[in-house]
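In order, the protein sequences belong to chains L and U.
In terms of my numbering, the numbers along the first sequence are unbroken and rise by one, the last being 514.
In terms of my numbering, the numbers along the second sequence are unbroken and rise by one, the last being 352.
These are calculated hints, taken from the structure and not from any lab test.
Please read all numbers here as calculations on a predicted model, not as lab measurements.
Among the hints, a few may not be true.
Said to hold, decoys possible - In silico DSSO-like pairs for lysine-lysine, Cα to Cα no more than 30 angstroms straight-line:
1. L:Lys380 <-> U:Lys223
2. L:Lys22 <-> L:Lys49
3. U:Lys223 <-> L:Lys382
4. L:Lys272 <-> U:Lys223
5. L:Lys422 <-> U:Lys184
6. U:Lys237 <-> L:Lys371
7. L:Lys380 <-> U:Lys211
8. L:Lys75 <-> L:Lys150
9. L:Lys382 <-> U:Lys164
10. L:Lys382 <-> U:Lys211
11. L:Lys229 <-> L:Lys22
12. U:Lys266 <-> L:Lys8
13. U:Lys266 <-> U:Lys184
14. U:Lys184 <-> L:Lys312
15. U:Lys266 <-> L:Lys371
16. U:Lys266 <-> L:Lys337
17. U:Lys211 <-> L:Lys371
18. U:Lys211 <-> L:Lys337
19. L:Lys272 <-> U:Lys237
20. L:Lys371 <-> L:Lys337
21. U:Lys266 <-> L:Lys312
22. U:Lys237 <-> L:Lys425
23. U:Lys237 <-> L:Lys337
24. U:Lys237 <-> L:Lys323
25. L:Lys323 <-> L:Lys382
26. U:Lys266 <-> L:Lys422
Unchecked claim - Taking beta-carbon pairs under 7 angstroms as the criterion, some of the chain L residues facing chain U (in silico):
27. Val330
28. Ala331
29. Arg334
30. Arg366
31. Asn367
Said to hold, decoys possible - Short derived list, chain L residues pointing at chain U, Cβ under 10 angstroms:
32. Phe112
33. Glu179
34. Thr308
35. Ser329
36. Ser354
37. Met469
All C-beta atoms, glycine included, are put in the ideal place defined by N, C-alpha and C.
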Amino acid sequence: MPILLEMKDIHKVYPNGTAANKGVDLTVHEGEIHALVGENGAGKSTLMKILFGLEAPTNGTIEYKGQPIRFSGPKDAIQQGMGMVHQHFMLSPSLSVSENIVLGNEPKKGPFSMFRDRAKEYREVEHLVATYGLKVNLQAKVETIPVGQKQRVEILKVLYRGAKLIILDEPTAVLTPQETDELFDSIQALVSEGHTIIFITHKLREVMRISNRITVLRAGKSIATLQTKDTNQEEISRLMVGREVLFRVNKIPADPKEVVLSVRDLEALDDKGTKALQGISFDIRSGEVLGIAGVEGNGQTELVETITGLRKAVAGNILYQGKELLGASVAEIRRMKVGHIPEDRQTSGASLTSTIADNLILDHYRNPEFKRGIFLNHNKIKQFAQTMMQAYDVRAQNEEIMAGALSGGNLQKVVVARELSKNPKLLIASQPTRGVDIGAIEFIHREIIKRRDGGAAVMVVSAELSEVMALSDRIAVLYNGEIVALLDNTPDLTEQEIGYYMLGIKKQEQEAVR
Amino acid sequence: MKSSRMVVLEVSGILMAVITALLCGFVVIFLTSSEPFAAVSALFLDPLSSWFNVGTILNKAVPLILTGLALSVVFQSGVFSMGAEGQLYIGSFLGALTAVYLPGLSPWIHLPLVVLAALIGGALFGAIPGLLKAYLNANEIVTTLMLNFVAILLTSYFVNNQFKSHGGGYAKMENIDKNILLAKIIPGTSAHAGILIALAAVVVVYLLLYKTSIGYELRMVGKNGHFARYGGIATRKIIVISVMISGALAGLAGIVEILGIQQTFKQNFSAGLGFDGIIIALLARNHPVGVLVAGLFYAYIQVGAQTMQYGSDMPREVAVIIQVMLVLLVTAQAIFTFIKQRYAKTEQKAVK
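Using the sequences plus the hints, can you model the full thing?
Here it is in structure tokens:
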């Protein structure tokens with residue numbers, strides 16, 4: 001296949017001295033699906049910004065279709081037939097799908113092209129939809145369509161502007177497994193129509209599934225370009241992280257002891273007032289990990305919030321070490337050594353405009369140990385924060401840095417450090433590694449298992465089935481606010497098996513679930 | 001509590017705004033005045049040319065610093081109260097009542113009682129919008145602005161009727177006993193002891209916000225309410241407390257102004273001190289030390305306006321232009337940083 005794009009020895013040094021790219025080579029062949037992988041901060045975003053004309057490279061050359069190019073802005077890039085689909089959609093919610101697709105390039109008619117040519121617009125958009133099989137309802141308003149369709153609208157938008165080279169930035173981050181399958185079908189259709197795809201991701205399974213070739217970035221350099229068929233996940237992740245990565249969490253068999261948390265017939269409402277939990281019962285013992293599997297939105301959020309005191313229950317009981325938790329305040333529950341890693345570290349888990357130290361002392365600032373008279377003991381706080389940052393490998397200059405300046409992985413380590421710093425007897429970990437790079441995932445998983453082995457009862461909720469299976473000793477599957485299966489995580493338990501329960505196709509008898 | 005680089009950035013940003021506002025003032029002076037150099041010098045040099053003028057600056061700065069602190073506290077907890085003006089009236093009214101209608105006490109007992117009454121009055125009046133916000137989710141901007149009218153008109157009614165002084169036609173209370181008025185602290189000037197109270201308040205508010213657990217809770221509620229709730233902080237209680245502390249400081253501002261300058265409670269005596277406090281807090285980015293600097297600067301410009309009016313052909317309104325420009329630029333800057341942060345955040349999320 002002929003070479004479509006060649007970026008050679010790209011360097012980018014920002015005015016403040018950060019070198020984001022330190023010699024990146026990227027060669028994309030026409031008609032291929034090229035995966036660009038790397039940890040957070042490896043330089044993927046900078047490279048794409050340079051390609052798209054949003055940043056000027058400090059050094060290096062770009063050749064596109066054999067011609068050296070230098071874009072001064074995204075407009076040039078679009079004109080040359082490049083298109084980018086961002087992770088966060090840039091659509092106008094109150095306009096229709098078809099209006100969004102043509103926005104800014106509407107077909108015109110009449111004197112001075114004063115009027116929009118609606119007929120032509122529909123003709124063109126419908127042709128586009130038919131050609132690529134990207135099924136969307138053109139008349140519907142964007143705010144009413146599901147996420148997967150919004151992404152299709154973004155892709156159609158790019159195609160409408162004549163893009164031949166399409167950059168997809170973490171396209172599957174917001175999709176359900178089914179939507180991901182559909183997206184991959186669309187990508188295949190695009191390629192068969194002669195388009196070229198650059199696919200940015202950190203999910204290696206998807207890389208293996210869809211790409212032809214892979215370029216790995218690490219610390220601002222391109223480490224390798226591989227043929228997908230000649231490599232495997234272990235090799236890619238080793239190249240990304242720079243050392244061996246354990247995919248299987250190394251753990252000894254669980255040694256469950258007394259029951260720590262006992263949930264009985266729990267019912268709770270979601271924010272809209274409909275019943276999100278329909279009578280849930282389960283136990284978690286000291287020294288075991290219970291995984292909660294399920295497609296997102298089946299009651300996981302409500303379950304976690306009810307146990308941690310953030311949401312009121314309508315019926316049922318939650319006994320923690322023999323004491324009723326329902327009715328207790330969040331502060332009381334936290335004081336009873338219940339650790340909670342919340343599902344969204346950006347909104348609940350951390351205060352981004354506060355320092356790392358302020359984020360770490362959330363459970364300790366009332367503790368006499370951290371006070372001197374009526375005042376906070378800043379030396380003690382500083383010392384505590386530094387110890388925590390070291391123990392949990394939080395990479396930042398010092399504890400006075402704003403939490404919002406940390407990468408996703410480092411910020412999550414701050415959250416994990418804080419929640420584990422009180423030696424929880426019960427740890428509720430909700431999406432503990434969402435959007436976190438491989439190195440940090442490995443670290444956080446190890447810490448969770450360490451707590452289990454130390455006698456804590458652990459509940460892990462994750463949208464990543466592989467994570468639930470890697471960490472859990474037992475797995476409860478939530479479907480529609482009910483536990484439809486309670487399974488021992490034995491080696492012969494397969495993802496397919498759990499998948500049937502997740503989709504509501506199979507259901508265990510009530511007795512087995514209890 | 002921030003890294004030094006950020007402090008430098010922020011301070012230089014505010015300095016830029018101040019300089020730009022001053023330049024705008026210059027432009028107006030140079031375009032309209034027949035003696036522009038005399039006007040500029042009268043505006044900037046005359047306020048510092050005599051001890052008397054310096055004393056006036058200090059006196060003018062006192063209520064500005066106190067209301068600035070009041071609003072800094074409440075802004076830090078994420079509540080956009082505009083109610084300092086009303087709290088100032090209610091607090092100082094109660095303080096003045098205590099001063100006028102409890103005669104015969106030793107000043108050592110009387111003065112603290114007067115101040116305490118003002119603090120309590122302001123705090124209780126502040127509690128109303130605080131409770132409305134925390135438990136009924138009523139928009140605090142609306143409630144506080146409305147309650148300002150209640151306070152101003154209510155106190156006005158009382159000093160026109162029940163508590164009106166017997167001598168003269170002014171709507172004011174009887175004069176307060178000289179024994180409990182604030183003493184002059186610099187001979188030959190009008191500077192009164194209020195500046196010492198203001199300095200003490202700066203220290204107390206600084207310690208409260210940055211060195212105590214309630215200050216920590218207050219800041220966390222302001223920075224990220226979800227985070228505070230998740231961490232078990234009683235966010236509603238904190239909101240009420242912060243508005244009450246703010247109200248107490250506003251009440252203090254009012255009573256110090258009365259004991260230092262006005263000598264009794266007069267109808268409409270504040271004329272917007274509570275609103276000036278908003279500007280001071282904005283300029284200071286809600287930091288107590290910044291409030292001190294901003295309050296002094298603002299008072300300096302006000303005195304400069306007077307000296308310019310005497311010393312040249314320019315009216316004092318030029319100073320108002322400078323003040324308005326300052327508000328415009330500083331607010332724009334705050335919005336700009338906010339947008340930049342948002343943008344940076346989405347950028348960070350968008351491409352990993």
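Q: Quick one: which hint numbers does this structure break? Sort them smallest to largest.
A: 5, 9, 12, 14, 15, 16, 21, 25, 26, 31, 32, 33, 37
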